[in-house]
Amino acid sequence: MREKVVEIRGLEKSFGDLDVLKDVNLELYKGENLVVLGKSGSGKSVLIKIMVGLLKQDSGSMNVLGREISTLKTKELNELRLRIGFSFQNSALYDSMTVRENMEFPLVRNVKNLSKKEITMKIEGLLDSVGLPQSINQMPSELSGGQKKRIGVARTLILEPEIMLYDEPTAGLDPITCGELNALINQVKDEYNTSSIVITHDLTCAKDTGDRVAVLLDGEFNAVGTFEEIFPNAEDPRIKSFYDYNFINS
Amino acid sequence: MTEKAADRKPLLSKKIDKFFAGLADAWNFVLRFFKELFVPPYEFKEVIHQCYRIGVESLPLISLTGFIVGIVFTNQSRPSLAEFGATSWLPSLISIAVVRAMGPLVTALIAAGKVGSSIGAEIASMKVTEQIDAMEVSATNPFKFLVVSRVIATTLMIPLLVMYTDFVALIGSFLSVNANEMVSMTTFFVQVFESISFLDITSSILKSLLFGFTIGIVGCYKGYHSSKGTEGVGRAANAAVVMAMFLIFIEELLVLQIVNAIRAF
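Line order of the protein sequences matches chains A and B. In terms of full-length UniProt numbering, the first sequence opens at residue 1 and continues consecutively. In terms of full-length UniProt numbering, the second sequence opens at residue 1 and continues consecutively.
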């Protein structure tokens with residue numbers, strides 16, 4: 001039986017009168033890439049923000065790596081956060097720091113007794129693996145959108161997380177860069193042995209990176225399975241229109 | 001109270017509720033600062049970096065302003081004193097005015113404009129672009145890194161800037177007095193130091209510490225609680241300046257009352 005690293009049961013979250021997540025149930029298994037697909041504003045990002053304690057659920061259970069998120073104290077939550085990597089939609093690189101300082105930031109604060117040489121080796125190794133070794137001394141403002149995303153992923157990987165959460169990794173990028181990002185997501189899974197949740201509304205990204213796909217519509221998961229099981233012969237008109245828009249209209 | 005009943009509350013009542021909620025929020029923010037201040041880990045490197053940004057990078061502006069204030073205040077005071085044949089009192093008058101009030105006030109107002117707005121805008125923009133969230137998910141305390149370091153830096157640097165402004169303003173004043181009354185530097189500064197007391201200097205430094213703390217904490221608070229995307233960044237910067245200036249005047253008034261009471265006692 002496959003090991004579950006994330007288990008969500010009956011999760012609910014609303015903002016004022018707006019019910020964003022209604023009775024959400026989902027599992028992430030060790031070593032898999034799970035793509036969460038949904039329209040903008042469907043609550044996909046809210047889901048992973050609850051997973052790292054940036055938001056709190058109203059009810060239900062969110063169990064990550066054997067810990068119930070809502071019951072954790074700050075110190076315990078921070079310990080768990082070290083095992084989860086979060087790649088933000090807009091990369092969220094610290095714009096007053098160079099790429100090197102961006103990558104050092106989480107490392108020097110969470111891993112003690114590392115020499116300067118070890119830190120540099122680690123940073124250079126990760127920049128190599130995301131294909132941007134030359135960017136080490138650049139400022140984020142000097143990088144393109146795709147480069148920022150890659151550096152964002154590299155910064156996240158520096159703490160060697162067991163779970164990777166990607167928030168809209170291909171949003172706002174050209175198709176070629178999207179393809180490179182999708183390849184990077186698969187590379188991260190293989191090289192670093194991570195389990196990942198990829199939040200996207202891009203079906204190409206879902207097809208290329210997802211071992212399983214979960215479709216979030218109206219605050220609930222309407223379909224969970226492999227890409228081929230869900231698309232292209234979906235019966236639910238909402239899922240079908242999603243597929244048609246991505247693969248026919250565009 | 002039910003949600004519908006809350007909706008029916010008159011506008012004034014809602015505004016009062018919002019005001020007190022904001023006040024409580026700000027109070028909690030200040031309390032959190034003091035709580036985090038004494039708990040390790042300490043961000044020494046960031047404090048030094050911020051001290052440099054706030055202190056050293058403000059020097060040109062402070063120098064120019066302080067110098068002009070010294071000259072202008074001396075030239076404005078001269079005619080009034082001349083009417084009584086008391087222009088020889090100019091150094092005393094200027095030193096008391098500069099050390100007791102003008103130095104701290106001018107420095108604090110300039111710092112509120114330059115430093116307060118930059119802190120507010122920087123933190124607000126970090127919030128809008130999820131950089132603060134990124135710190136939090138990497139198990140780093142953004143409050144300690146961003147807020148505590150900046151508030152410590154403003155609290156430490158504003159008194160130093162005030163002392164520097166006092167000095168530059170007195171030099172400006174001396175040049176004016178020297179040119180018009182032919183007073184030597186020694187005579188000028190002897191008169192300056194004879195006129196100011198220990199209480200003047202300590203109250204000026206303590207007041208500057210308070211101003212520095214206010215500029216830092218208001219800038220950070222407004223930045224940390226910004227919303228509405230990029231529009232919120234501008235609003236945070238603006239609110240940081242306006243609120244800090246307003247509080248600085250209130251603090252000036254309060255400190256003046258306390259110091260006068262001590263003086264009378």
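I should point out that these hints are in silico values taken from the structure, not numbers from a laboratory. Keep in mind that this is a model prediction, so the values were computed, not measured. Each residue gets a CB set at the ideal place from its N, CA and C atoms; glycine is no exception. Incorrect hints may appear among the rest.
As the list claims (entries may be wrong) - Sample of chain B residues facing chain A (criterion: CB under 7 Å; computed from the structure): (1) T129; (2) E130; (3) A139; (4) N178.
What the hints assert, rightly or not - Computed spacing ranges between beta-carbons, pair by pair: (5) B:L12 <-> A:T71: 38 to 48 Å; (6) B:G229 <-> A:P175: 44 to 54 Å; (7) A:T120 <-> B:A261: 53 to 63 Å; (8) A:D58 <-> B:F44: 36 to 46 Å; (9) B:F34 <-> A:R9: 54 to 64 Å; (10) A:E7 <-> B:N238: 44 to 54 Å; (11) A:R67 <-> B:F44: 27 to 37 Å; (12) A:T120 <-> B:Q76: 52 to 62 Å; (13) A:E101 <-> B:E181: 33 to 43 Å; (14) B:K9 <-> A:D244: 43 to 53 Å; (15) A:E101 <-> B:S88: 37 to 47 Å; (16) B:A101 <-> A:T71: 16 to 26 Å.
Against the structure, the hints come out as follows:
The restraint placing T129 (chain B) at the interface with chain A holds, with a minimum CB-CB distance near 6 Å, inside the 7 Å limit. Interface restraint check: E130 (chain B) against chain A, minimum CB-CB distance 4 Å, threshold 7 Å, status holds. Nearest Cβ of chain A to the Cβ of A139 (chain B): about 4 Å, under the 7 Å cut. The hint holds. The criterion of a C-beta within 7 Å of any C-beta in chain A is not met by N178 (chain B), whose closest approach is roughly 45 Å, and the hint is violated.
For L12 (chain B) and T71 (chain A), the hinted distance range of 38 to 48 Å is satisfied, since their beta carbons lie about 42 Å from each other. Taking 44 to 54 Å as the suggested C-beta distance range, the pair G229 (chain B) and P175 (chain A) does not conform, at roughly 28 Å. The given range of 53 to 63 Å is respected by T120 (chain A) and A261 (chain B), whose C-beta atoms sit roughly 59 Å from each other. Evaluation of the 36 to 46 Å hint for D58 (chain A) and F44 (chain B) yields a pass: the beta carbon distance comes to about 40 Å.
In this structure the hint that F34 (chain B) and R9 (chain A) lie 54 to 64 Å apart at CB is violated, the actual value being about 40 Å. Checking the proposed 44 to 54 Å range against E7 (chain A) and N238 (chain B) shows it holds: the Cβ atoms sit about 46 Å from each other. Take R67 (chain A) and F44 (chain B): their Cβ atoms lie about 32 Å apart, and the range 27 to 37 Å holds. Roughly 59 Å separates the CB atoms of T120 (chain A) and Q76 (chain B), a value that falls within the hinted 52 to 62 Å.
For the pair E101 (chain A) and E181 (chain B), the supplied restraint of 33 to 43 Å is violated, since their beta-carbon distance comes to about 55 Å. One distance hint, 43 to 53 Å for the beta-carbon pair K9 (chain B) and D244 (chain A), holds here, with the actual separation near 48 Å. Distance hint for E101 (chain A) and S88 (chain B): a CB-CB separation of about 58 Å, inconsistent with the stated range 37 to 47 Å. Checking the proposed 16 to 26 Å range against A101 (chain B) and T71 (chain A) shows it is violated: the Cβ atoms sit about 55 Å from each other.
Comparing the model with each earlier hint shows violations of hints 4, 6, 9, 13, 15, 16; every other hint is respected.
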